[in-house]
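Colleague: Quick mapping for you: the protein sequence lines, in order, are chains A and B.
Residue 662 is where the first sequence starts when you use my numbering, and the numbers rise one by one after that.
Residue 662 is where the second sequence starts when you use my numbering, and the numbers rise one by one after that.
Treat the hints with care, as some may be off.
Note: identical chains are not told apart, hence a pair may lie in one copy or across any two.
[What the hints assert, rightly or not] Straight-line distance between alpha carbons at most 20 Å, and here's what the computed EDC-like set of lysine to aspartate or glutamate pairs gives:
hint: 1; residue 1: K667; residue 2: E713
hint: 2; residue 1: K667; residue 2: E697
hint: 3; residue 1: K725; residue 2: E713
If you're looking for bench data, these hints aren't it; they were derived computationally from the structure.
The structure displayed is predicted, hence computed values, not measured ones.
Protein chains: 2
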Amino acid sequence: MSPVHKTACVIIIGNEILTGRTQDINLAYIGKKLLEKGVRLLEARVIADIEEAIVAAVNELRAKYDYVFTTGGIGPTHDDITADSIAKAFGVANEVNALARTRLVSYYKGEEHLNEGRLRMARIPEGASLIDNPVSAAPGFKIGNVHVLAGIPNVMQAMMDSIAPNLQGGPAIKSRTIGCFIGESIIAREMGEIAAQFPELDIGSYPYFRSGGYGLSLVIRGTNTAQLDAVQAALCSLITRHGGEPVVQAEEASP
Amino acid sequence: MSPVHKTACVIIIGNEILTGRTQDINLAYIGKKLLEKGVRLLEARVIADIEEAIVAAVNELRAKYDYVFTTGGIGPTHDDITADSIAKAFGVANEVNALARTRLVSYYKGEEHLNEGRLRMARIPEGASLIDNPVSAAPGFKIGNVHVLAGIPNVMQAMMDSIAPNLQGGPAIKSRTIGCFIGESIIAREMGEIAAQFPELDIGSYPYFRSGGYGLSLVIRGTNTAQLDAVQAALCSLITRHGGEPVVQAEEASP
Numbered sequence: 662m663s664p665v666h667k668t669a670c671v672i673i674i675g676n677e678i679l680t681g682r683t684q685d686i687n688l689a690y691i692g693k694k695l696l697e698k699g700v701r702l703l704e705a706r707v708i709a710d711i712e713e714a715i716v717a718a719v720n721e722l723r724a725k726y727d728y729v730f731t732t733g734g735i736g737p738t739h740d741d742i743t744a745d746s747i748a749k750a751f752g753v754a755n756e757v758n759a760l761a762r763t764r765l766v767s768y769y770k771g772e773e774h775l776n777e778g779r780l781r782m783a784r785i786p787e788g789a790s791l792i793d794n795p796v797s798a799a800p801g802f803k804i805g806n807v808h809v810l811a812g813i814p815n816v817m818q819a820m821m822d823s824i825a826p827n828l829q830g831g832p833a834i835k836s837r838t839i840g841c842f843i844g845e846s847i848i849a850r851e852m853g854e855i856a857a858q859f860p861e862l863d864i865g866s867y868p869y870f871r872s873g874g875y876g877l878s879l880v881i882r883g884t885n886t887a888q889l890d891a892v893q894a895a896l897c898s899l900i901t902r903h904g905g906e907p908v909v910q911a912e913e914a915s916p
Numbered sequence: 662m663s664p665v666h667k668t669a670c671v672i673i674i675g676n677e678i679l680t681g682r683t684q685d686i687n688l689a690y691i692g693k694k695l696l697e698k699g700v701r702l703l704e705a706r707v708i709a710d711i712e713e714a715i716v717a718a719v720n721e722l723r724a725k726y727d728y729v730f731t732t733g734g735i736g737p738t739h740d741d742i743t744a745d746s747i748a749k750a751f752g753v754a755n756e757v758n759a760l761a762r763t764r765l766v767s768y769y770k771g772e773e774h775l776n777e778g779r780l781r782m783a784r785i786p787e788g789a790s791l792i793d794n795p796v797s798a799a800p801g802f803k804i805g806n807v808h809v810l811a812g813i814p815n816v817m818q819a820m821m822d823s824i825a826p827n828l829q830g831g832p833a834i835k836s837r838t839i840g841c842f843i844g845e846s847i848i849a850r851e852m853g854e855i856a857a858q859f860p861e862l863d864i865g866s867y868p869y870f871r872s873g874g875y876g877l878s879l880v881i882r883g884t885n886t887a888q889l890d891a892v893q894a895a896l897c898s899l900i901t902r903h904g905g906e907p908v909v910q911a912e913e914a915s916p
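Taking the hints into account, I'd like the entire structure generated from these sequences.
Modeller: Right, dumping it as C-alpha cells:
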C-alpha cells in the first residue's frame, strides 16, 4: 500500500503478557480499528514493566511512526509505571491532573475515598490531554503522538473507540478474503506470480488447522477496487484450476 | 530477578497479526515454556512481512538477548520470506538443504510431488541446524542464537517442545498466585511497600473483569523460596486486614 497512509505502532506494557500468564487480546482489537481508519499498523512490541525499557521504546517509536498506542500499566499499584515512564520519555513532570482527580473523586464517591493508590491514577504527564474512561473513570492520556490506554480489555476498547474518530488515516483499505480447502503449496508459485503483478496490493496466504483438516484463507488488501477485483478473479480461477472451490467471504472495508 | 538468568526475545512475523485478522497465541505458549526453563522473556515484537523489517529486528535483537525465537513466514508462498530474511541478516546463502529436502520428499510421497512451492520450504540458511516438524515435515531451523519456528500454532508448539530441553536457562523461577475480590486501589500503597522490601521478586497486580465483577490476582515470582513464602504471607495478611479473602492458587515452578 502507498506511503500516503499514516503508520502506527502498539506498545504492550506488562510482564504478565511475556510470562504467558495473560493472553493479550488488545493488539488485534487495535489493529482492526486502525485498519478501519486507513492507518497501517506496522509494528507492535511487548515490553516488561521496566522504566528504562518503556522510555527507550516510546522515544524510539514515537519518532518512527505517525501514531503510537500503549496498553497497560496505568492502574494504582507499584507495578503501574507507565505514566511516570512516559513523562520521563517526554522530559515533563507527572503530577496530579485536576480534571482526572475530579473524575476519580466522583467515581469513588467522595474525597475521603481517594486514597494514595487511587490518587496515583490521577497523575498525568504535563501537557497531555485526557482520554475518557467510561468504565472505571481513571483516564488514559495523549501526549504528542502517543496514546496511553488501559490494559484491561473492556477499558482499553472503550478508550480506543473514543479516540478512533479523531485519527487521521489514509484512503480506505479494503480487503477480500477467499477461503478454500487446498494446500497452499499447490498454488504457491502461481499465486506468487499474481502477487508480483500487483505490487500495490498485499496478498496474504494463511493456512489453518481445524477439526482434523487444513484449510486456506487468502486475503487481498489494497485501496484500488479494480485491482482488488482483478486479483480476486485471478485467485478464484487459480483455485478452481487446481480442483478447489473458492468461497469469497464478505468484503471488509474501512469507512 | 537476577542477571544469572538467560534472556530472550520473540519476533512474531506476519501482517495477519497486525491487521487483527489472526489472534496470536504463540507468544503466551513460548513465554510459559521459557519460564519453565528459567529463561526470562524480556521482549516480543510483531513485525510485518517486510524483508528490511525482519533483517533489522533479527540483527538488533540477536545481539541484545541470549535467545531469539521467531514465528511465522516459513511456508511455501510468496509472503513467506522469513528464511530469506534470516539468511540476509546473517550474511549467508539460503539454499535447498539436503536433509530438509529428504523429509519433504518423504512427507509428500515422492519426488514428483515436490513442486516449486514445497521445495521452497527446504531452503535453509547456510550453517543452520534443522528443528524438527513432526506435524507437517517442513522444518524450522536454528542459526546462531536465533530459533526460527512455524506460525501455525500446533506446528510451532511441536517445534518449541522439541527445542526446549536444550535451552540453558537459569535457577528455577517459581511463582505464587493469590486471588481475591478486593479493589487493587485499596491495597496498592501497602503492597508497594512490600514490593520495595523484596526487590529481587517480581510482584504483579492483575485486576480482571468477569461476570459482572472485578477480581484481582497477585503474582509473586522469584527464585528464593523463603522470600516467596514471606511475601505470600504478607500479601495474604494485607488482603485479610482489608476485609478480603485471599485464595492461594497452586504453585507453578520451573523444573
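Colleague: Which constraints among the numbered hints does this structure fail? Numbers only, ascending.
Modeller: none
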